[in-house]
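Student: Below are the chains, spelled out letter by letter.
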Amino acid sequence: MALLEVAALSKEFDGLRALDGVSFTAEEREILGIIGPNGAGKTTLFNLISGIYPSSAGEINFQGKSILRMKPHQISCLGIGRTFQIVRPFQNLDVETNVLVAIGHRFYPSLWKSTGPFRQPEIIKEVQILIERAGLHPYAKQIAKNLPLGFKKRLEIARALALNPRLLLLDEPSAGLRFEESAQLMELIRRVRDQGIGVLLIEHNMQVVMDLCKRIVVLDHGSKIAEGFPEEIRSNPLVIQAYLGKEA
Amino acid sequence: MISGYLITILIIIVIYAMLAHSLNIITGHAGQISLGHAAFFGIGAYTSAMLYAEAGFPFWLSVPLAAVVAGIVGALLGIPCLRVRDDFLAITTMGINFVVEAIFLYIPFFGGAMGIGGINLPKWFGREMTKPEYFILILVVFFLLLLMDRRLGRSWIGLAWASIREDEQAAGAMGVDVVRFKVLAFILGSAIAGLAGGFYAHFLTFIMPQNFGFGQSIVVLSMVVFGGIGTRWGPIVGAIILGILPEVSRPIMEYRILIYGVLLLAMMRFQPGGLLGSESILSKVFRRTVYRLSSSE
Chain S
39 MALLEVAALS KEFDGLRALD GVSFTAEERE ILGIIGPNGA GKTTLFNLIS
89 GIYPSSAGEI NFQGKSILRM KPHQISCLGI GRTFQIVRPF QNLDVETNVL
139 VAIGHRFYPS LWKSTGPFRQ PEIIKEVQIL IERAGLHPYA KQIAKNLPLG
189 FKKRLEIARA LALNPRLLLL DEPSAGLRFE ESAQLMELIR RVRDQGIGVL
239 LIEHNMQVVM DLCKRIVVLD HGSKIAEGFP EEIRSNPLVI QAYLGKEA
Chain V
-16 MISGYLITIL IIIVIYAMLA HSLNIITGHA GQISLGHAAF FGIGAYTSAM
34 LYAEAGFPFW LSVPLAAVVA GIVGALLGIP CLRVRDDFLA ITTMGINFVV
84 EAIFLYIPFF GGAMGIGGIN LPKWFGREMT KPEYFILILV VFFLLLLMDR
134 RLGRSWIGLA WASIREDEQA AGAMGVDVVR FKVLAFILGS AIAGLAGGFY
184 AHFLTFIMPQ NFGFGQSIVV LSMVVFGGIG TRWGPIVGAI ILGILPEVSR
234 PIMEYRILIY GVLLLAMMRF QPGGLLGSES ILSKVFRRTV YRLSSSE
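Protein sequences, first through last, are from chains S and V. Numbering-wise (the numbering used here), the first sequence opens with residue 39 and increments by one. Numbering-wise (the numbering used here), the second sequence opens with residue -16 and increments by one.
No wet-lab data here; the hints were simulated from the structure. Where hints are given, some of them may not hold.
Here are the simulated lysine-lysine pairs, BS3-like style, with alpha carbons at most 25 angstroms apart [to be verified]:
| id | chain 1 | residue 1 | chain 2 | residue 2 |
| --- | --- | --- | --- | --- |
| 1 | S | Lys183 | S | Lys151 |
| 2 | S | Lys179 | S | Lys163 |
| 3 | S | Lys163 | S | Lys109 |
| 4 | S | Lys179 | V | Lys267 |
| 5 | V | Lys106 | S | Lys183 |
| 6 | S | Lys151 | S | Lys163 |
Estimated spans, in silico, between C-beta atoms of each pair [as the list claims (entries may be wrong)]:
| id | chain 1 | residue 1 | chain 2 | residue 2 | range |
| --- | --- | --- | --- | --- | --- |
| 7 | V | Pro255 | S | Ala45 | 46 to 52 angstroms |
| 8 | V | Val123 | S | Ser148 | 54 to 60 angstroms |
| 9 | S | Arg55 | V | Arg270 | 51 to 57 angstroms |
| 10 | S | Arg55 | V | Leu130 | 51 to 57 angstroms |
C-beta atoms are modelled at their ideal positions from N, C-alpha and C, and glycine is treated no differently.
My request is simple: use the sequences and hints to build the entire structure.
Tutor: This is the structure we're talking about:
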């Protein structure tokens, strides 16, 4: 059974087809690259999987169970974590509290459990481990908005990992980062995969995609135009055409 | 001996503090702006007044029921508010305030423009409570509410509210059921406003729709913002200062509103986080003092 199974997924915004019959599967312990030119529908795909938009047609199964009609909080509690293309940490909360919010997914479904205090030794311990894994331990008490972009992105990953996910959706993690920052982030993503978590990675930096991903799905104008191993994708004429335009 | 005038002001200030505290749950903790909070204050006051004066319920039952009814109405009215944000939410809540005030004013059942009278201070030990006793009663209730607020602030509920206030979409992606926790904030905030309304009605002994209009909502919101939105003590400090201000400036009656307005403007210009906000001069001085005291040990 595939970890994530997307079948004939479509999304229309007032008649505009942002996503048109896209199908693919993602496995555990695998980084699946999602690439495509701007406006190809990559972020829309993430927003459908994480339940932010309802889909117009198609199927999304996670661990064999349909998550099509679920709300974002239910999907995240099931074990799908995500980051955002434009980073969205809780800006006025410190790093530790940001991660704590996500740890709370175990308590929020019960109103009674939610009345319990969040500062418990074993929970704080857990948060510290997550922060350390993301390389943020010197900044645990820093307010998120004061962190540089690279650290905000790591914070988003630490927060998503606090959901104890089986699948992680990463939306352009290297965008806007310097080379070293990006390299460190990729290392973090590799380690996440090695923990057995499946990763869907939207990325524009081809170097990163080719290095990191086992398989790649290419979207263009809302449709899947190619899928395969990095070397296949690199030489696929349709992909080259989508990125560079048709030869005159 | 404390004068009757002073005790009246003290009681009104505690009631305002309770009201500001209740608005702070919705607007400060959960980040949902409300320009119509006086509606729930009014619903509480009318519930308590009518149960007491018309249906013959005792104070000790009518006031808690005022909180329950205001909480239920808060939940119902909170639902349309869930789909709108920010400026749209401000207008929606304002509309709610106008509608509620109009219902009290135009439906004869609620006494119309004449309001409802015949509400009294509670009885205990076979006699009517004195004003100082009533003051202590509401002070104790308020203290219990603050304890609850502290407990909530340290709970997963408080954390969920903070995440919603910061970024709803990200909160949802972190497993926070945004709808449930928003409704919870509306219920709690409205119920406490209703409780304050019950206490208010029994103290004034006579209520009118005008007591619960849009202007009242703005006064309460000013208290919250002035003192420090989202802080525990800010709304209380705001209620004390803005509650006392009209009284001490009585000799310069004509300039009261002017002073009030200038104070609010100056506050927003120089201390937008409020008197006790995390960036304010007062909290910086406080933090520095604490730091010095702890490092000198």
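Student: Which of the stated hints cannot be reconciled with the structure, identified by number in ascending sequence?
Tutor: Violated hints: 1, 3, 5, 8; rest satisfied.
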